[in-house]
Amino acid sequence: MTQTTTMQNKSEIYSILAEGLKTPTEDWVSWYNDIGREKLKSLLISFPILDEQEVSNCLPKQLDFKEVDHLYRSYFILPGPQRVVPAESIYKQWTVRNSAFALSKGFLMGDSAEHMNNIFKELDIEIPEEFSFMPDHLILQLELLSLLEENGNEEFVNEFIKEHLDWTEDLVAECTKKQWSGFYYLWIQLIHMFFHKECWKC
Amino acid sequence: MARYGMLIDTIKCVNCYACSLACQTQNGLPDDENFIYFLEKEEGTFPNVKRDFLPVQCQHCDEPACEEVCPTGATYKDEDGIVVLDNSKCIGCKYCGVACPYSARVQLHDSMYKKGTYEDAGREYNYTVEKCRFCKELVDNGEQPACVTTCISNARIFGDLDDPESELSKAIVEKKAKPLRADLGTKPKIYYVR
Amino acid sequence: MLKSKMTRRTFLKASAITGVVAASASYVGRGNISDASSIQDAEKIPNLCNGCSSRCGMTVTVSDGRVVRVDGNPLHSRSRGTLCGRAHGAALLAYHPDRLTEPLKKNENGEFEPISWEQAYKEIGEKLQTIINEHGPDSFAYFQNPKRVQRLYGDRFVEALGSANIFSHNASCNLSRDTGFKHVLGGVPSGDVANAKVTLFIGRSYGDGIRPSQLQNLVTAKDNGSKIYIVDPRLNSTSNLADEWLPIKPGTDLALLLAIANVLIEENLYDKEFCEEHGNRFEDFEREMKQYTPEWASDKTDLSVDVIKQVARDLGENRPKAIVEQSWKGAFGCNYENSTETARMVGLVNALLGNINVDGGMLFTSGPSLESPDNLKEPGELKPRVDGAGIKGEKWYLADTAKGVGNAVPDFVKEGKLKAAFCQHHNPVRNHPDYEVMKEGYEGLDLLVVVDIWMSETAEVADYVLPESSWLERTEAVEGLGGKTPTVNLRVQAIDKIHPKTKNFSEIMSELADEMGLSDYFTDLETENRTACEKLGISYDELLEQGTIQLESTWEPGYQGSNTESGKVEFACQAFEDAGFTAVPKWVEPKVTIPEGEFRLIHGKQNIHSHTYSTNIPKLAQISKEYNLDSVWINKKRADELGIKDGDPVIIENEMHTGKTTAKVTEAIHPEAAFYPSHYGSRASLTYNDDNGLSINDYTPHQYEAMSGAPNMMETSVQIKKDGA
Ligand code: SF4
Ligand code: SF4
Ligand code: SF4
Ligand code: SF4
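Chains as they are written, first to last, in full-length UniProt numbering: chain A, 1 to 202; chain B, 1 to 194; chain C, 1 to 725.
Just so you know, not all the hints are guaranteed correct.
Derived DEER-like restraints, expressed as beta-carbon distance ranges [unchecked claim]:
hint	chain 1	residue 1	chain 2	residue 2	range
1	B	LYS178	C	SER53	26 to 32 Å
2	C	SER53	B	ASP86	43 to 49 Å
3	A	ASP27	C	ASN109	34 to 40 Å
4	B	SER103	C	GLU118	42 to 48 Å
5	B	SER88	A	GLN53	57 to 63 Å
Pairs of lysine-lysine, BS3-like flavour, derived with a Cα cap of 25 Å [what the hints assert, rightly or not]:
hint	chain 1	residue 1	chain 2	residue 2
6	C	LYS591	A	LYS121
7	A	LYS178	C	LYS625
8	C	LYS591	C	LYS395
9	C	LYS645	B	LYS50
Residues on chain A that point at chain B, a partial pick, calculated with CB under 7 Å [to be verified]:
hint	residue
10	THR25
11	SER99
12	ALA100
13	ALA102
14	LEU103
It is worth saying that the hints were derived from the structure and are not from the lab. C-beta atoms are modelled at their ideal positions from N, C-alpha and C, and glycine is treated no differently.
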């Protein structure tokens with residue numbers, strides 16, 4: 001595999017992973033069932049670090065739109081016992097600056113959010129209004145990675161992942177605590193596996 | 001040059017945690033780390049009972065046990081008698097924590113470093129063993145420590161022990177305030193009214 | 001059909017990605033422990049703390065658009081430069097992950113779904129209008145926390161629709177107190193504790209339910225050598241400031257007060273002149289008090305005859321600088337069948353001491369009068385209140401109309417009297433006794449709209465939940481504080497809204513009013529604020545700068561008459577007789593007698609929490625955890641009998657509920673009482689308060705005190721046993 005194809009692969013992977021975290025549509029679910037699952041699987045197992053069985057386990061065979069839609073609402077949207085907000089700030093200390101709340105944890109708009117905003121600004125990227133209070137949302141981070149890979153920004157990507165995607169373990173823990181199961185639980189684990197096993201370094 | 005000390009009037013203390021939270025925010029500590037902790041003691045039997053609230057923090061000993069054992073000189077007493085820490089010298093050996101009879105040393109624990117510390121950003125104080133510093137930054141600026149300012153009950157008085165005219169020195173005499181466990185020999189400079 | 005391409009909905013709009021970004025450019029490291037006071041380029045904005053409902057003046061430091069520090073505002077009469085712990089905890093609320101971010105509507109499946117503000121206004125407006133057309137304006141009610149912005153936009157909205165059904169959260173706080181005081185003294189005075197020579201606290205603990213200025217006044221009193229008595233089944237956190245603790249049997253404070261009155265009169269230690277000149281039917285009172293001897297009261301209260309006499313004498317001999325403090329919820333806010341009678345007696349013992357409106361006594365001070373623009377439309381005639389408060393012949397005729405019997409909602413709904421309700425800054429489903437009954441009651445409404453910053457037990461049963469901007473993200477209405485020196489205060493927006501779709505309460509209500517054709521009753525907040533200041537002759541801009549402005553004192557010492565039926569102090573109230581009770585207060589037994597082997601479950605505040613919301617704040621939840629604050633206090637002797645040791649896991653149960661907690665075994669509580677703090681046991685789905693203990697309201701049935709309709713929150717008996725035994 002050449003350098004560029006890997007980068008293209010990675011870009012594709014990030015993009016699919018991001019897409020999977022968005023409000024599900026019937027189109028997306030049937031795409032996943034018909035093509036997406038196999039495609040993502042083959043992209044992922046092109047990284048020798050990833051074990052085929054492990055990857056397979058994280059990718060359910062057939063998704064049911066209604067079911068996924070329901071899970072999505074209770075896991076990401078509706079206030080309730082299972083909602084999780086996958087934004088980096090919440091899982092990290094709030095700020096490293098001089099602040100009374102420097103080492104507080106569990107809040108939005110921390111340093112990581114601010115840094116994301118700066119990156120977006122520098123790259124002239126606009127984010128949707130509903131993400132203005134969580135520019136460090138996992139979806140945006142994955143999308144940014146996809147864009148960066150596409151544009152051959154490998155060095156920055158590595159730096160970015162080291163700094164900004166070291167919290168997926170805590171995210172998985174939070175989902176476990178909130179008794180997630182099914183597609184999104186596996187998806188989050190897959191994302192974690194990808195970063196944790198340092199696939200991006202390949 | 002001064003010899004800073006404090007008085008804590010436990011008769012006035014209502015165990016409200018305001019000082020520890022003000023301290024936590026003054027020093028930007030994580031939610032589960034505090035330089036001030038509280039002991040409570042109950043005496044007597046119903047209905048003749050007394051509850052004693054005791055806020056404890058670094059006593060700024062004149063002969064600090066922590067300084068004595070510190071192998072690197074990281075812990076030292078500054079010219080105003082405040083026991084401080086040079087983070088760049090601290091190696092995290094925790095000797096000070098073991099030596100301190102008041103359990104006043106706090107090792108900022110792992111969890112706050114594991115996530116979200118950007119190691120490249122030049123953080124120096126990983127694993128240093130922190131403590132109350134009498135809000136040195138504020139005091140140097142002519143202000144009072146945060147726990148003193150925030151204490152609603154006015155249970156805390158800060159000042160110069162060498163100045164017999166200071167509110168602190170006078171209050172110590174008037175209220176017969178005494179250090180905690182003076183018998184331990186570190187010559188603590190926080191005086192308690194009990 | 002096979003779809004070969006994934007349709008992407010890329011969120012990021014990038015023109016072109018070029019070049020390399022300076023990766024860690026914006027991560028600023030700190031070489032040392034943070035010194036939050038040395039923050040550079042920061043802006044300091046005056047605010048009113050929302051850690052609890054006291055609204056202490058504070059200064060918020062903002063740097064790069066984020067809150068970096070909060071400090072007490074030395075100019076403010078409540079904080080006087082200090083802040084309690086809650087303030088630091090509440091500072092980051094705006095950034096809390098549980099924040100509601102857009103309007104929610106409950107769909108047919110009982111699930112919430114996000115909707116637009118336009119849709120919310122339209123649907124709520126239409127539904128409310130239909131309900132009012134069909135059932136009349138009095139089928140609509142509003143539940144609030146009575147602050148000025150709520151009154152300007154919430155109360156006015158209700159009244160514009162022709163309803164008088166305004167309820168404050170106080171039914172679960174001090175409805176009995178206010179009802180009692182209203183009838184004997186015409187209102188609730190505040191104790192001039194700093195200048196009193198003797199103060200008797202009944203259930204109220206300045207060190208647990210902190211309002212800084214009050215605690216400071218108590219410390220001043222202590223420094224000045226005044227004598228302080230604390231009457232409480234539990235040795236509370238204020239105890240070290242007290243000279244004596246009276247460990248009363250819970251629910252019998254009334255007996256103590258009756259006996260104090262008896263001694264004051266028998267030993268001629270009362271202000272005869274005042275009582276005869278300014279008292280209504282004092283002779284009746286005098287006659288009735290004869291029966292309540294200290295011996296009789298000793299039997300009821302478990303206090304010794306000597307102690308009762310000593311307290312009475314101390315008060316009498318030091319009059320008029322001797323007071324029985326009015327309390328908040330304390331012992332008689334809304335807790336027992338005899339709470340309203342207790343409140344009447346607190347008022348009357350103070351009157352016996354001749355301390356009404358004198359230095360060191362019980363003061364009636366008024367806040368500044370704040371007015372709205374003249375051109376606003378005034379509400380017309382209002383339908384009678386659904387709870388019948390203040391209406392002769394109705395069950396709760398006596399109840400204070402400024403508070404209302406809000407705990408009766410489930411019954412109003414069942415009786416078909418109430419169809420629609422708005423609820424803001426208040427969580428009645430959790431905060432009134434009996435969760436199941438409350439839940440069912442509120443669910444039974446045809447329309448329930450909750451305005452809040454995150455989900456609550458009440459929001460969970462609502463039809464619409466509207467997201468409010470949190471306290472540091474909004475400017476509020478100019479508000480006044482009474483006292484010897486009245487002040488005007490303001491909460492000023494400190495940071496930009498974190499969630500762009502949240503709105504201020506004032507915006508929400510006036511926009512809904514527009515939708516319903518009620519625009520003429522409202523104007524925007526800025527106009528309200530400027531008008532209020534102009535009419536007072538102060539500068540709004542100065543207020544924006546400072547957050548607080550002191551006014552000239554308007555307080556005149558000396559008795560000024562009472563706002564009661566007779567215009568005097570009512571030692572006997574006709575209204576009580578009209579309502580089927582006795583004109584002169586009399587002994588009323590608590591409703592529940594605690595069987596041998598059981599406990600009366602009593603509750604109270606903890607100084608790092610407020611109501612039931614603050615356990616969802618990590619900093620504060622952490623303290624609860626570290627110091628095991630969510631434990632049940634049990635008397636040592638009782639615990640020994642039950643084989644319970646300090647720190648043991650225990651089960652608290654009665655016919656309503658069974659729950660687990662840990663025991664704090666202590667000598668510092670009356671054997672009959674089990675104390676559990678009132679902040680825990682949330683059932684709402686919030687991030688930081690899972691496993692957070694028990695709620696006292698799960699153990700108390702839905703019930704009413706006969707006089708005021710208050711929920712009798714401590715009228716319940718529980719069993720406690722060791723878990724696993
Ligand atoms: S702030 Fe004052 S009253 Fe509160 S716990 Fe600290 S020393 Fe005690
Ligand atoms: S109290 Fe402990 S930490 Fe503080 S100076 Fe004394 S020995 Fe050192
Ligand atoms: S931990 Fe640091 S300050 Fe403490 S003794 Fe060791 S080097 Fe000195
Ligand atoms: S008492 Fe504490 S929480 Fe309440 S308003 Fe004042 S500072 Fe804030």
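For this session: Just pull the numbers of the violated hints for me, sorted ascending.
Result: 1, 3, 4, 5, 6 and 10
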